[in-house]
Amino acid sequence: MGTQKTAAFDYGVLDEILARHRAQPEAIIAILQETQEHYRYLPSEIFAYLAERMRISEAQIYSVATFYENFSLTPKGHYIIKVCDGTACHVRKSIPILERLYSELGLSAKKPTSDDLAFTVETVSCLGACGLAPVITVNDKVYPAMTPEKTSELLITLREEMQNAQD
Amino acid sequence: MINQEYMMVDGIPVPLEGEKNLLEVIRKAGIKLPTFCYHSELSIYGACRMCMVENEWGGLDAACSAQPRAGASIKTNTQRLRRYRKNILELLLANHCRDCTTCQNNNNCKLQALADRFGIEGVRFPNTADQPKLDTSSRAITRDSNKCILCGDCVRMCNEVQQVGAIDFAHRGSNMTISCAFDRPIAESNCVGCGQCAAVCPTGAIVVKNDVHKVWADLDDPNAKVTVQIAPAVRVALGRAFNLGEGENAMGKIVAALRRMGFDEVFDTSTGADLTVLEESNELLNRLATNPDMPLFTSCCPAWVRYCEQNHPELLPHVSSCKSPMQMFGAIIKAQYSTSERRQVHVAVMPCTAKKEEAARPEFAPGGHPDVDHVITTQELIHMIRESGLVFEELEAEAVDAPFAASTGAGVIFGVTGGVTEAVLRRLAGNKSPSALRAIAFEGVRGMEGVKETRILYGDRQLRIAIVSGLGNAAALIERIKAGEHYDFVEVMACPGGCVSGAGQPYVPQEQKAQRGKGLYAADLQSCLKRSEENPLMMSLYSGLLKGRVKELLHVHYAANHTAQGEE
Chain A
1 MGTQKTAAFD YGVLDEILAR HRAQPEAIIA ILQETQEHYR YLPSEIFAYL AERMRISEAQ
61 IYSVATFYEN FSLTPKGHYI IKVCDGTACH VRKSIPILER LYSELGLSAK KPTSDDLAFT
121 VETVSCLGAC GLAPVITVND KVYPAMTPEK TSELLITLRE EMQNAQD
Chain B
1001 MINQEYMMVD GIPVPLEGEK NLLEVIRKAG IKLPTFCYHS ELSIYGACRM CMVENEWGGL
1061 DAACSAQPRA GASIKTNTQR LRRYRKNILE LLLANHCRDC TTCQNNNNCK LQALADRFGI
1121 EGVRFPNTAD QPKLDTSSRA ITRDSNKCIL CGDCVRMCNE VQQVGAIDFA HRGSNMTISC
1181 AFDRPIAESN CVGCGQCAAV CPTGAIVVKN DVHKVWADLD DPNAKVTVQI APAVRVALGR
1241 AFNLGEGENA MGKIVAALRR MGFDEVFDTS TGADLTVLEE SNELLNRLAT NPDMPLFTSC
1301 CPAWVRYCEQ NHPELLPHVS SCKSPMQMFG AIIKAQYSTS ERRQVHVAVM PCTAKKEEAA
1361 RPEFAPGGHP DVDHVITTQE LIHMIRESGL VFEELEAEAV DAPFAASTGA GVIFGVTGGV
1421 TEAVLRRLAG NKSPSALRAI AFEGVRGMEG VKETRILYGD RQLRIAIVSG LGNAAALIER
1481 IKAGEHYDFV EVMACPGGCV SGAGQPYVPQ EQKAQRGKGL YAADLQSCLK RSEENPLMMS
1541 LYSGLLKGRV KELLHVHYAA NHTAQGEE
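Protein chains in written order, with the numbering used here: chain A, 1 to 167; chain B, 1001 to 1568.
Please keep in mind that the hints were generated in silico from the structure rather than gathered at the bench.
Please note: incorrect hints may appear among the correct ones.
Unchecked claim - Each computed BS3-like pair below joins lysine-lysine, with the alpha-carbon atoms no more than 25 Å apart: (1) 82/A x 111/A; (2) 1032/B x 1020/B; (3) 1133/B x 111/A; (4) 1075/B x 1086/B; (5) 110/A x 1547/B; (6) 1214/B x 1133/B.
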């Protein structure tokens, strides 16, 4: 009912974020953004805690979190790949890039994250880099003038990178 | 008056008298501008666009969110506006369940009424209504998102007036819904069951839980002895459905109708309220001696009790240990007939949806047998009367049954905000003269305001009393108390205006609810006994049935699952 904490969850991170914004309800978007930055998504455990500390209802926070496309309630992959599908990228064939990603990773618009939590593929409406179209970003690093072939190569590099990091 | 500012509405000058918005000016001019999302007690939302009017430059303004302007000229009924309104209705109907005949709000639906009013003969768009998505988890209300038009009335009621915040908009655009956090069933949210969302819902998307069939089933059972109690607020809200005036006291006819429907014995919850007055007054006096720092909060309103349990568990020790009048009376009736050969069934007719949840609480089911088996609302009783075919208007008024036939005016006024306080003040007053009794009514306890305050002298001590209705007002008062402000007695009713405005009552706009309160005060004037302690039944109960059982039958300890035990 909003007051129960989940024991296993570390609320210290939230406390820091809340302190920065003095737990002001007006700062709800900034607080959610910083929370998402830390966890890479919005874990369900945070809602009751934020509601209690900010003195707004869980339903209100859920309302904000589901309104903005940028917030995710499900865990995202290690690599978040954003495919620009703005007008410029679209006419320069961004969709085949997206389809290549989907087919190689076994993903779809309904299932954007791979089961091993390695990759998340999303589209964005414009990254503001139309001169470099078609553009994709991987964890905010920009890859300009992409093709489906270059995308496949990039995936191989990323997998290797992750493998090396694990070893 | 000289220099009276005015504006033109459909060519007729209408004086401006400080109206908040254009809509109020237009309605004052005698034009029923259609709205879905406008309620005078809620913030302006401006979403439904039904109240659009044409200004002198041919532009369109939503009247609810436009300022009245002296000298302006607007039109409310043009070819263009009629076309727009029809368009809006058609678009709303395009993804709305249109099974009106099987909807609980059939003939009680704004969408249906406006479709009729604007002559919608067909919908040009394909029907994209979802399958019904029912949430039947709550004992108080039933939700069906398939019938929602996203006007947001429920959200603003829950957040602004009640400050509960159980529901809000979720998602965006065509995916938008009204939902609890994580789309959880409403029963798993912090909903307190006040039902005010259902009261303001213009369609059948949120309705009062219907328990009529359970009552019919027990009435048909020859092995069941079915008793019933009628709450004070019901008698002044039911009549209008049967062509009586708003606020007209229909108690006698209700008693007659219930007997004709097959109830074995009919009682008045006001009798239970008299017990509450006596017990709560005693508790207050004890408290003044033992715990003078904190106020005693009333406990009649189950939505308030639930709210307190969830949001302020630390205050529970200061909430009266008295059961509500309904539960006190239910316990007494069950005790009285405990040796009955037939199965005992007790039904309560209430103005309230939260009472349905209260009756089901384990605290009120000794040995697993609830003291009150079924709670039906005023709305449900209206349905039952209609279903039974009784011509209500023509029924002869009848009186309630012995042995619990006696009640007082103090019990009757429980149904309106300030009533409990006034009844307790009558009990505590040192001066028992009729003029002193009448004077209590002018001590600031009456009126539909959400926050009232009064001070009375008890012995040599001045008692400070607050009366709040609407949970948002309660929340604000609690903040003040926590900040150190002192009160001795606080009456809280969850619904704005008290039980007369309960969600189980037929919906009327805020302005008309005061009529119901007046009806109760009129019933008080007509009753021979005005003070609960004068009720002769009380004497015989305390020396008979209640002997040694006062605590068991009349008191309760709310030990909510996430609450520290507190009461001494």
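Consistency of the hints with the structure:
Among the hinted pairs, residue 82/A with residue 111/A is consistent with the structure: their alpha-carbon atoms are about 14 Å apart, no more than 25 Å. Our distance criterion of 25 Å between C-alpha atoms is met by residue 1032/B and residue 1020/B, whose separation comes to about 17 Å. Straight-line distance between C-alpha atoms of residue 1133/B and residue 111/A comes to about 24 Å, which keeps the hinted pair within the 25 Å bound. For the proposed pair residue 1075/B and residue 1086/B, the alpha carbon gap of about 17 Å is at most 25 Å, so the pair holds.
Between residue 110/A and residue 1547/B the CA atoms are separated by roughly 67 Å; this puts the pair beyond 25 Å, and the hint is violated. For the hint pairing residue 1214/B with residue 1133/B, the CA-to-CA distance comes to about 23 Å; that is within 25 Å, so the pair holds.
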